[in-house]
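Given chain P, put chain V in place with the hints provided.
Number of protein chains: 2
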Amino acid sequence: MAVAEISDLRKYCLETAQRARGASAELASLASGRKIAWLKRAAELLRSGQSELAEANALDLAAAPQFALTAAQIDRLRLAPSAVEAMAVGLEEIAALPEPIGEVIDSSIRPNGLEVLKVRVPLGVMFFIYESRPNVTADAAAICVKSGNAVILRGGKEAVHSNRAIVALLEQAADEVGLPSGAVQFVNTIDREAVGQFLALDKYIDVAIPRGGESLIRRVAAEAKMPVIKHFTGNCHVYVDRSADLAMAERITVNAKCQRMGVCNAAESLVVHRDVAPVFLPRVAKALAQRNIELRGDGRTRSLVPQAKVASEDDFATEYLGPILSIKVVDSIEEAVDHINRYGSHHTDAVVTADLNAARMFVTAVDSAAVIVNASTRFNDGAEFGLGAEIGISTDKFHARGPCGIKELTSYKYVVYGAGQVRE
Amino acid sequence: MAVAEISDLRKYCLETAQRARGASAELASLASGRKIAWLKRAAELLRSGQSELAEANALDLAAAPQFALTAAQIDRLRLAPSAVEAMAVGLEEIAALPEPIGEVIDSSIRPNGLEVLKVRVPLGVMFFIYESRPNVTADAAAICVKSGNAVILRGGKEAVHSNRAIVALLEQAADEVGLPSGAVQFVNTIDREAVGQFLALDKYIDVAIPRGGESLIRRVAAEAKMPVIKHFTGNCHVYVDRSADLAMAERITVNAKCQRMGVCNAAESLVVHRDVAPVFLPRVAKALAQRNIELRGDGRTRSLVPQAKVASEDDFATEYLGPILSIKVVDSIEEAVDHINRYGSHHTDAVVTADLNAARMFVTAVDSAAVIVNASTRFNDGAEFGLGAEIGISTDKFHARGPCGIKELTSYKYVVYGAGQVRE
Numbered sequence: 001m002a003v004a005e006i007s008d009l010r011k012y013c014l015e016t017a018q019r020a021r022g023a024s025a026e027l028a029s030l031a032s033g034r035k036i037a038w039l040k041r042a043a044e045l046l047r048s049g050q051s052e053l054a055e056a057n058a059l060d061l062a063a064a065p066q067f068a069l070t071a072a073q074i075d076r077l078r079l080a081p082s083a084v085e086a087m088a089v090g091l092e093e094i095a096a097l098p099e100p101i102g103e104v105i106d107s108s109i110r111p112n113g114l115e116v117l118k119v120r121v122p123l124g125v126m127f128f129i130y131e132s133r134p135n136v137t138a139d140a141a142a143i144c145v146k147s148g149n150a151v152i153l154r155g156g157k158e159a160v161h162s163n164r165a166i167v168a169l170l171e172q173a174a175d176e177v178g179l180p181s182g183a184v185q186f187v188n189t190i191d192r193e194a195v196g197q198f199l200a201l202d203k204y205i206d207v208a209i210p211r212g213g214e215s216l217i218r219r220v221a222a223e224a225k226m227p228v229i230k231h232f233t234g235n236c237h238v239y240v241d242r243s244a245d246l247a248m249a250e251r252i253t254v255n256a257k258c259q260r261m262g263v264c265n266a267a268e269s270l271v272v273h274r275d276v277a278p279v280f281l282p283r284v285a286k287a288l289a290q291r292n293i294e295l296r297g298d299g300r301t302r303s304l305v306p307q308a309k310v311a312s313e314d315d316f317a318t319e320y321l322g323p324i325l326s327i328k329v330v331d332s333i334e335e336a337v338d339h340i341n342r343y344g345s346h347h348t349d350a351v352v353t354a355d356l357n358a359a360r361m362f363v364t365a366v367d368s369a370a371v372i373v374n375a376s377t378r379f380n381d382g383a384e385f386g387l388g389a390e391i392g393i394s395t396d397k398f399h400a401r402g403p404c405g406i407k408e409l410t411s412y413k414y415v416v417y418g419a420g421q422v423r424e
Numbered sequence: 001m002a003v004a005e006i007s008d009l010r011k012y013c014l015e016t017a018q019r020a021r022g023a024s025a026e027l028a029s030l031a032s033g034r035k036i037a038w039l040k041r042a043a044e045l046l047r048s049g050q051s052e053l054a055e056a057n058a059l060d061l062a063a064a065p066q067f068a069l070t071a072a073q074i075d076r077l078r079l080a081p082s083a084v085e086a087m088a089v090g091l092e093e094i095a096a097l098p099e100p101i102g103e104v105i106d107s108s109i110r111p112n113g114l115e116v117l118k119v120r121v122p123l124g125v126m127f128f129i130y131e132s133r134p135n136v137t138a139d140a141a142a143i144c145v146k147s148g149n150a151v152i153l154r155g156g157k158e159a160v161h162s163n164r165a166i167v168a169l170l171e172q173a174a175d176e177v178g179l180p181s182g183a184v185q186f187v188n189t190i191d192r193e194a195v196g197q198f199l200a201l202d203k204y205i206d207v208a209i210p211r212g213g214e215s216l217i218r219r220v221a222a223e224a225k226m227p228v229i230k231h232f233t234g235n236c237h238v239y240v241d242r243s244a245d246l247a248m249a250e251r252i253t254v255n256a257k258c259q260r261m262g263v264c265n266a267a268e269s270l271v272v273h274r275d276v277a278p279v280f281l282p283r284v285a286k287a288l289a290q291r292n293i294e295l296r297g298d299g300r301t302r303s304l305v306p307q308a309k310v311a312s313e314d315d316f317a318t319e320y321l322g323p324i325l326s327i328k329v330v331d332s333i334e335e336a337v338d339h340i341n342r343y344g345s346h347h348t349d350a351v352v353t354a355d356l357n358a359a360r361m362f363v364t365a366v367d368s369a370a371v372i373v374n375a376s377t378r379f380n381d382g383a384e385f386g387l388g389a390e391i392g393i394s395t396d397k398f399h400a401r402g403p404c405g406i407k408e409l410t411s412y413k414y415v416v417y418g419a420g421q422v423r424e
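For the record, the sequence lines run as chains P and V.
All letters in the first sequence, in the order written, are residues 1 to 424 by this note's numbering.
All letters in the second sequence, in the order written, are residues 1 to 424 by this note's numbering.
Isolated chain P, as found in the complex:
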């Protein structure tokens, strides 16, 4: 179970990528039932492999101090029985999703009788680079394979033993059900240089997907020769319009900020129309104070909420991922939209309003992956949107935007049926 000593890293990465490419050609036309069988068998093996997983996980937990992990990070590293069960259930849920490959997305009959079908196909080979949490390993492998892609998994060094043990069970399931060997591979070294090697192999790898902190994503985006599905920061806003139901606005603001603070779709900033600010701000400030949220506001906010600290330009551009909220009072919905488009990160922004025109204007003009009317920003999530599992939330516009589920890991081809037609 030890991490391999790899004498020729370049060769190792090349051969891994080539194996993935070979597997992807088989996966593209693999019967749906084979993929489902693999997911179900992998779930069984995770459950029955509890003790091996716990053993491997103990090695990572023992090594955690040497990586200077925080208590929260160590907690995320822990593979408790409940976490293993959740992984297994996750695989079963992905097994139950409709088969994406071969779906006819669109079709038309042309005047000359040609039947033109747009058919969903896999992208090919995914290189998935992630940090810390070992449960991501099973999840990412399952999503990639369900969508017909081969995947090369590169987890964080802190979780390498746990990840290795999980992949060993996924590989065993693959052997048993006849999934192509090389469909799921684990980068069995913690050498950082391996990432650079894979990112240069655009001949064999179709897409790189980094999931982790901003520096990881920037590194991958800068080095990758293949397309990257990026997930940058979530500096999310709640805008309370002049026509808002203030009880609803309070409930949504508190939920968006407090329900889970360390995640990308939590609110980091509150924008309030001046007409309701005098009533709403003291009220929501009280509710947030009870949850120990620090407030940082502009001048008008501080005149209404004296305990609020001064918000700087930087505050409005910051994803706190913690118990701080920036607040801005605006003269109009147009000013709110400008503020959000300027300081936000185009991830998730909500408006609370009873005014139809305001809602329509906001959802059109705010340039974000998800714009939400009268609900919490926390709903921007693959499961909440009904996509099934997700591999991340894209902050790009190209190819995939917002939650990336199995369909976002696919492409399409045109399949045309004729009866001998030629062009004149």
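In case anyone wonders, no lab produced these hints; they're calculated from the structure.
Any given hint could turn out to be false.
Which copy is meant is left open, because identical chains are indistinguishable; a pair holds if it fits in one copy or across any two.
The calculated lysine to aspartate or glutamate pairs, modelled on DMTMM-like cross-linking and capped at a C-alpha distance of 20 Å, are [stated by the list, open to error]:
(1) Lys203 <-> Glu214
(2) Lys118 <-> Glu390
(3) Lys40 <-> Glu99
(4) Lys11 <-> Glu223
(5) Lys118 <-> Glu103
(6) Lys407 <-> Asp106
(7) Lys309 <-> Glu294
(8) Lys118 <-> Asp381
(9) Lys203 <-> Asp338
(10) Lys407 <-> Glu93
(11) Lys225 <-> Glu214
(12) Lys225 <-> Asp202
(13) Lys118 <-> Asp106
(14) Lys203 <-> Glu223
(15) Lys157 <-> Glu193
(16) Lys40 <-> Glu92
(17) Lys286 <-> Asp298
For chain V alone, kept in the frame of chain P given last:
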């Protein structure tokens, strides 16, 4: 009408890109009617501006010898009245396409009552780099604006006066109908360095689209910091299966090879099942000889068609774009598929067969943007597939594959309507 002398190229490119970004924000929510009015007015101005266009075109034609253009290239450069009329009609056809922006692509009602809509939005700012033909200028501008994007047009130096004159008319139409200024801009210098400047401005430009020879596309792909929609070579195949109707196979082969030879979806290679090769190859060779097509075949081909030259490995990997066809005889459809996936360019490949299983196997296993059963490869085209106008044919799998029409230049956002929902 002269090309500008630009003293500070870096500043010029930056300001051009910033203007495009500003325009794109307005374009994203511009009323459909305004875009239609622009397209129709631009068509009128092209028609009434014939003499200005002819004057500018004459400058390019006069300069053509200094660029060592071939007769065919000079022909493509010429803006005859019929070419101007075709441009105008092209704009009117794009005006008539359904509005893509705001279309609800998908929707669902979640168990908690949230209404989740996936709504089509523009990508933002396009940088379009193309060679030679001036009619592409109007076409590309129209497709970009119809899909709500601002566009920066960089044409070839050979056509700079013609392109400049066309864009002047497009800008005049924009002024008249109130299209945002900066929606359509022309790079008014032939300095090659301008391309590099724009390709670094990923803060303002969302997508680069090169259209031209392979070296242009490779340069753009290598330098661009933003995503690139690439159109590499079209090494397209016709495979004649053992069960093919040989009259149909001959018609399709001749059409795919000869109907227009200099285009990406023309056939470059013929693959024939051994069972029909003795009858089919001499027959099709005769038809191709009448059209002065040079044949280059493997050993089995040459034993059946003595006039065929020897095909090398390189021949099978070559996009001739001219009167040459490579030929290979195979033992099975599996060998044909392997050959096509190995030597082809994943662009367009056709099978001629009467066998349902063979057709299904071929369309699944051949990894190309378009796979065509019993029709000519020449049908892989935006207009033929019913997409309306196209800006190119993508050989990528990421984001867009095959013909790129107005929808392929869009992204989407999630728009969510609630009634106060929060996450538990």
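For each hint, the structure was consulted:
1. Lys203 <-> Glu214: between (26 Å within a copy, 17 Å between copies)
2. Lys118 <-> Glu390: between (24 Å within a copy, 16 Å between copies)
3. Lys40 <-> Glu99: within (15 Å within a copy, 44 Å between copies)
4. Lys11 <-> Glu223: Within one copy only: 19 Å inside, 27 Å across.
5. Lys118 <-> Glu103: Both: 8 Å inside a chain and 19 Å across chains, each within 20 Å.
6. Lys407 <-> Asp106: both (14 Å within a copy, 13 Å between copies)
7. Lys309 <-> Glu294: within (8 Å within a copy, 80 Å between copies)
8. Lys118 <-> Asp381: between (27 Å within a copy, 13 Å between copies)
9. Lys203 <-> Asp338: Between copies only: 18 Å across, 42 Å inside.
10. Lys407 <-> Glu93: Only inside one copy: Lys407 and Glu93 sit 15 Å apart there, 32 Å across copies, limit 20 Å.
11. Lys225 <-> Glu214: Both: 19 Å inside a chain and 18 Å across chains, each within 20 Å.
12. Lys225 <-> Asp202: Both: 6 Å inside a chain and 16 Å across chains, each within 20 Å.
13. Lys118 <-> Asp106: both (5 Å within a copy, 16 Å between copies)
14. Lys203 <-> Glu223: both (15 Å within a copy, 18 Å between copies)
15. Lys157 <-> Glu193: within (13 Å within a copy, 43 Å between copies)
16. Lys40 <-> Glu92: within (6 Å within a copy, 55 Å between copies)
17. Lys286 <-> Asp298: For Lys286 and Asp298, only the intra-copy Cα distance (18 Å) is at most 20 Å; the inter-copy one is 83 Å.
The structure agrees with every numbered hint stated previously.
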